[in-house]
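Novice: Based on these hints, arrange chains B, C and D on the given structure of chain A.
Chains as they are written, first to last, in the working numbering: chain A, 6 to 463; chain B, 6 to 463; chain C, 6 to 463; chain D, 6 to 463.
Calculated from the structure, these hints are not laboratory results. Misleading hints may appear alongside valid ones.
One copy or two, either will do: identical chains are not told apart, so a pair holds if it fits within one copy or between any two.
[As the list claims (entries may be wrong)] Here are the computed lysine-lysine pairs in the BS3-like style, where the Cα-Cα straight-line distance is at most 27 Å:
hint	residue 1	residue 2
1	Lys53	Lys210
2	Lys53	Lys455
3	Lys213	Lys100
4	Lys43	Lys53
5	Lys271	Lys53
6	Lys398	Lys242
7	Lys339	Lys53
8	Lys339	Lys271
9	Lys455	Lys375
10	Lys455	Lys271
11	Lys408	Lys370
12	Lys414	Lys375
13	Lys173	Lys210
14	Lys370	Lys242
Residues per chain are reported as follows:
4 protein chains.
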Amino acid sequence: MRVVKVRSEGLSHLSYFVHSGPDAFVVDPRRDIDVYLKLAEENDAEIKHIFETHRNEDYVIGSLELKNRVPSARIGHSDAIDFEYGDDSLADGEKIEMGSLEITCINTPGHTPDSMCYAVADTSVSDDPIVVFTGDTLFVNEVGRTDLVDPDRTGEFAEVLYDSIHEKVLPLGDHVIIHPAHGAGSVCGGDIGDREFSTIGYERKHNKWLSMGRDEFVQNKLDQELILSPYFKHCEKLNTIGPPLLSEREPVRVLDVEIFEEMRHKPEHVVIDTRNPQAYLEGCIPGSTSAYLGALGMIAGWVFHPDQVFLFVLDSPTEMEEARSYLIRVGYDKVLGYLARGIAGWREAGNDTSSMRNYEIRELKELMDKDGLQIVDVRQPHEYHSGIIEDSKMIPLTSLEEKMGSLDKKKETVTICPSGIRSTTAASMLEMNGFEEVGVPVEGLHAWRKAGLPLKKE
Amino acid sequence: MRVVKVRSEGLSHLSYFVHSGPDAFVVDPRRDIDVYLKLAEENDAEIKHIFETHRNEDYVIGSLELKNRVPSARIGHSDAIDFEYGDDSLADGEKIEMGSLEITCINTPGHTPDSMCYAVADTSVSDDPIVVFTGDTLFVNEVGRTDLVDPDRTGEFAEVLYDSIHEKVLPLGDHVIIHPAHGAGSVCGGDIGDREFSTIGYERKHNKWLSMGRDEFVQNKLDQELILSPYFKHCEKLNTIGPPLLSEREPVRVLDVEIFEEMRHKPEHVVIDTRNPQAYLEGCIPGSTSAYLGALGMIAGWVFHPDQVFLFVLDSPTEMEEARSYLIRVGYDKVLGYLARGIAGWREAGNDTSSMRNYEIRELKELMDKDGLQIVDVRQPHEYHSGIIEDSKMIPLTSLEEKMGSLDKKKETVTICPSGIRSTTAASMLEMNGFEEVGVPVEGLHAWRKAGLPLKKE
Amino acid sequence: MRVVKVRSEGLSHLSYFVHSGPDAFVVDPRRDIDVYLKLAEENDAEIKHIFETHRNEDYVIGSLELKNRVPSARIGHSDAIDFEYGDDSLADGEKIEMGSLEITCINTPGHTPDSMCYAVADTSVSDDPIVVFTGDTLFVNEVGRTDLVDPDRTGEFAEVLYDSIHEKVLPLGDHVIIHPAHGAGSVCGGDIGDREFSTIGYERKHNKWLSMGRDEFVQNKLDQELILSPYFKHCEKLNTIGPPLLSEREPVRVLDVEIFEEMRHKPEHVVIDTRNPQAYLEGCIPGSTSAYLGALGMIAGWVFHPDQVFLFVLDSPTEMEEARSYLIRVGYDKVLGYLARGIAGWREAGNDTSSMRNYEIRELKELMDKDGLQIVDVRQPHEYHSGIIEDSKMIPLTSLEEKMGSLDKKKETVTICPSGIRSTTAASMLEMNGFEEVGVPVEGLHAWRKAGLPLKKE
Amino acid sequence: MRVVKVRSEGLSHLSYFVHSGPDAFVVDPRRDIDVYLKLAEENDAEIKHIFETHRNEDYVIGSLELKNRVPSARIGHSDAIDFEYGDDSLADGEKIEMGSLEITCINTPGHTPDSMCYAVADTSVSDDPIVVFTGDTLFVNEVGRTDLVDPDRTGEFAEVLYDSIHEKVLPLGDHVIIHPAHGAGSVCGGDIGDREFSTIGYERKHNKWLSMGRDEFVQNKLDQELILSPYFKHCEKLNTIGPPLLSEREPVRVLDVEIFEEMRHKPEHVVIDTRNPQAYLEGCIPGSTSAYLGALGMIAGWVFHPDQVFLFVLDSPTEMEEARSYLIRVGYDKVLGYLARGIAGWREAGNDTSSMRNYEIRELKELMDKDGLQIVDVRQPHEYHSGIIEDSKMIPLTSLEEKMGSLDKKKETVTICPSGIRSTTAASMLEMNGFEEVGVPVEGLHAWRKAGLPLKKE
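Next comes chain A alone, as it looks inside the complex:
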């Protein structure tokens, strides 16, 4: 028996391929499912089951995609909500045999009503479970959010989650290894640990949430401030009805400058520049949005809309597949193509690029002291605790579109974040919206802190 963890970076999403001899199952597949087919091949195994831990809200699930390639695989999920696709509506306590493995479905509502943990026993040794796939119920150092289904019922769901964990998960035994659906950096947990493994026993002892009493647990849940991305609702919907198959998409086009120029002005069409922020600031196609490749999955969910059609400016065409993967994982399927030969081709065809100022950090400090710049800090709320620059405005990137009206378009505006990635996205959005002078210190708050410049803490 072997468990292979499949990380989807950007999203910090974890899915699992589990096999025992020739039989395999997958937990929470992502939409680009070749990775699971390849694991099946390498291990000479067949995928018999696809288990979903719940109706996910932060990514689009690949169950149907996988079943489209392996028609005999059965999709299973909780019977607690009405999915419009799938083969098995699983009840709490239901058991599934697969070779020598026995998989027990444990309904653990709290994060969502349909949350399901799957405990697996190796019956060639014992009926005792040895691993449990905990979905968004229990993470390393954290527990699931309870504010997503209905923010107004956060406390109520927190109570339910508390009970699920204490009455259904912990009793499996200290010796059981846990495999959650997210790792550090996910928006699905406040502060998931970056240790990549744990056991029920270790979490029972050392996860702060598990040593709280019921009331304390609920109160802490109510106090937790977490991001609510607009694309969550889109994912939820797709994950209820079953997402469309990727094979129905158009292939990605290589667009020459002329066609690119024509297409980029169509309504719904958006140009995304995935080069590093520094390169973007030095010269970009006017009207393009910066979204650094490594952060595209996250940024897309925050600032784009699933109905938009995407055109790309890439560092190299080899990045197109990666970029497209990040988008489809969050349900943004409409990629038209990319600019042939990138920004070099654009320039060689005689087109202009626009640029924005990249402030050195000490230079920025000096300018701030005399000029009274408009500083916009685009981090997420929970990041502000580590300190903010005096007089800066706190507008998380996720809210920028909605709140940019509160800023003065005529003032020199500087966006800031830890590493220059989100701030460059923000800067590109402000410029597109008519801000007259926008710039970014690409080295970000990391450099500010390193240089010993002042930060105000609450």
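Specialist: Relative to chain A, chains B, C and D alone:
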């Protein structure tokens, strides 16, 4: 300026990617076109033109496929026939500029009426051409066939070809490098050399066809016995109207034993076993046809029909993509999927396999001496010149389906070819058609010859 | 914090790369150490420590090799024996800090006196350990052997092991994940489970050895019949003094037939044929030993000597590196080269090959019934429990050289094992030693059992 | 018959792998010879001969290296000079048979006295040659240099070269394809074309050197101004005695900050930073020399010495092998290792970096107008024809070390070249030598020209 030759093994088809700085063109692309996109990427170039040397009959052209990915690329072909797709109908003598390259279109009818050679000059040095893409007009050691358009007009087309070569190709100059559309082993030429390069001067001096007079040339063309594959007409039709896009196909499925068993019995559904002939003979799924992976492209055109739906038994799932490539290149697009875990999975599910005898070569000779076996030699006509086994029947694999009625189903039947590949395909076809005892000496005529056993020469 | 398990197939050896941020350590590296350097690169980490769980006897450790590439890495092992290399002699209870990790050295004698487990705590969460590297002390479903240091003191070491496990390992807590040095198939444990993970709690409850009392444990250890390979002493010696660096080896040569022919007859020179058993039986170079690539690491230790110089006959030159890796892992460093173009080149140069009979399983049964063949079963003793063929002789491959004198060289001799691999090695050894007629049923005991033929159980 | 061209970028060196069936030869192998072994593997061929076109001066030949791996391969070179290694001293007109190929050795002195062209005929077709390997005698658009053996005898050697070309190469026939030893960008020809193929006929007609009369040819040779790199003598020497084997080198070390810091100050030890120029200027280890990876082979020969020991600062450890390849090709074998985790690791350990100014091109122009900066143009002499910046000093990078005394160390100094690569190397050298203020416009003369700023032409 750089010319990259792209070999499509199976078919001995040669296509070309040519670039000079950021501009590129492709000659005669195959349908699996990622190779050209990758070359464009690696060389930081854009594909501006796609040139077809003629309406091909032995493979399906990838021009539309490539244009679907690079919409700005212009498809060009001769104006001598009415193509139902494409951008540029090229006239004899027409010139196309691309950066410092000048491409001259030279209509060279003979193989087909619309055959076009493309001579390329590097104008930064001279207007003199340096290379010419000769399509199926002139090969290394060979010239194009003239029997494909209409077998009854072979001589007439031979005259035209003679004139095209002598009046239009050779005058380009001895110093010009030739790049033909096929290499050794292609069905499009009788005896194409296995040297991978040549010049007009070298061919003028040493290609036997070019030193013949007009009448001798025509007579030799009339005497040339070449294979006519049934799929040629299918290719011709697709290449006139423009082949369907591959993105419209269904993805390949991984079929478990149960679904495979159900699907393989549907009408139009065919099981292809691509494992090596020896493995096939030892144990195969009853009713499956042997078509060794490395020869699949060739065998498919000979024994399958483009409307059939294919199910595969593979050595390893990693071979599926290769197998599918071979099929689509000849216009066989309907692949349903492959058996999960191959023949091992089949057996583990408790299903039977059938086997055929694999004769050792001396054992075969001994049996022949006493038993009077029915020996069927399935090579192509032009191969018989190298010697045949006494009393064997000559039925090329391409004609087997049609002519097997002339054989005695009740006799022990042995199929033979040089290396066991085609003979195993033939054996599988005979068994499916009710022959009672079929076997193959897998070591083939190679071993027969090596063992010094007798061969009759005409 | 992340633990990456590195499997060395053949040996079922498990080593580990562990990193937390930019700091990494490696546990029990193998000699081909590029895998650890690459993991460090990919994770942007530096290898600070190399921990050895004990002086290994079944493979040669790569600590010096790794330190040769990363001079700042410190090699640590137990202070219980006198290693002639290394940086840190670790005492029981010693603690090492690395970033936020705390590694506790726990001396757990039994398998060897110097056996050391390394428990790791993630101090950013707690001082409680979360994983323990258990070396050959505790495996999944098994515990370490106690017969290797001195077979006569097996019981004494078993007592010590019992105490180490119960007093030092189990007290770490049920919640602790274990990472042993071997997986299923290793010669270092009788019956290691093929589940690739476990916890102390799970083993405490379900590992049969851990629920035994002290006396029962010792008695069972005394009753356990395990293989003792001759190369163990060689590994032990190298692992005490520190193995030679691989960079001092000569590069592998491509040998043409002439040079190969000359070299293979030198004393100490041995020809190994790594092709599959069936291909070997059909035709091999006279005097070569069959050792199928996938089993070479295991077979080498059983039938070759570390001072021999190896010449290879490969399926493809691409296999040379893999073959060499298997050898160096067990301390067989002298590879001269491989035959250019393999068996095909050999034959084309006009040389003879020899062949052996490959019996079909039913054919074998029939022959046995009439002829009274000499059947030699070359499995390991613990495999005999699953049933033996009546009248067959039990000579494990490891003892074949020593015991072949008890067989009749003039009789038709058939070697057998489950899958044809070891039996073909045995057959090649017998033939080299003058047995007049040797053959192998390549399908092996698997096929015998499947065919429902009789097996005698004790 | 197939000819595979192997490009060694950096040096624009071309070597060739040629095979016909199972027989292969290599022309002018580089020292990192795995590429040839792999080609032999892929084509199932054996390397029988290694031909050297002459004793090279711009790279170290890999013949011995290749023979060390393929002991049966015979090294052949001209009998005109006394090589201290090799198997065959080839005379003018000597013929070598290999399968159906016939290789004719043609002594063509001029570039060097021992220059040898190898003409190859495919005797299965004709005794007429079809390709010729022309070494440094005849290139695309160019002919070999005649100033390297002895600058004072340039004219004399030019006469000899003229005769060799006209009397021995051109007579092979217009139809013969040429394969020279260098492509565009090589220091071995003034202006080699970037077309990657040619024929004797095409060169005869369109290579300007070949249409000159003897006297004009000689005069033009005398007028040609080409670079003379100091490492040429080193290569010549190694290529006479036979270069040392790479297997004798120490492996590359991963150096932690502490060891790196200690080692970099040793005499003969040099730190090379291969990151892009921009990254280098922003922050580098004080005392390190910038040599961008892609240009390392070229820069090494210009500014380093073969006896130096190299320590690397890399963008990523994955670049180490590439960097080492570039060095060994020019005979710089002593690589100690690279800094673990690169510049990030350096900074995290609390060490300082130094930086230099990266001028924007317009900013530079403005400064020049007022400040009277010291501008140093480090291009090669033949590049100056395309225009120079007024008042800049012409000091080719190859002469910088020798001539930097003519510059004013106290003045703000700006180095310039087309793309910022060589100028950053130059800047790093100046700073190490005590220049007080050094900077580089990384966008280089390309940007200067594009911005329409003034350039003076002679």
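Novice: Hint by hint, work out which the structure violates, then give me just those numbers in ascending order.
Specialist: 1, 6, 10, 14
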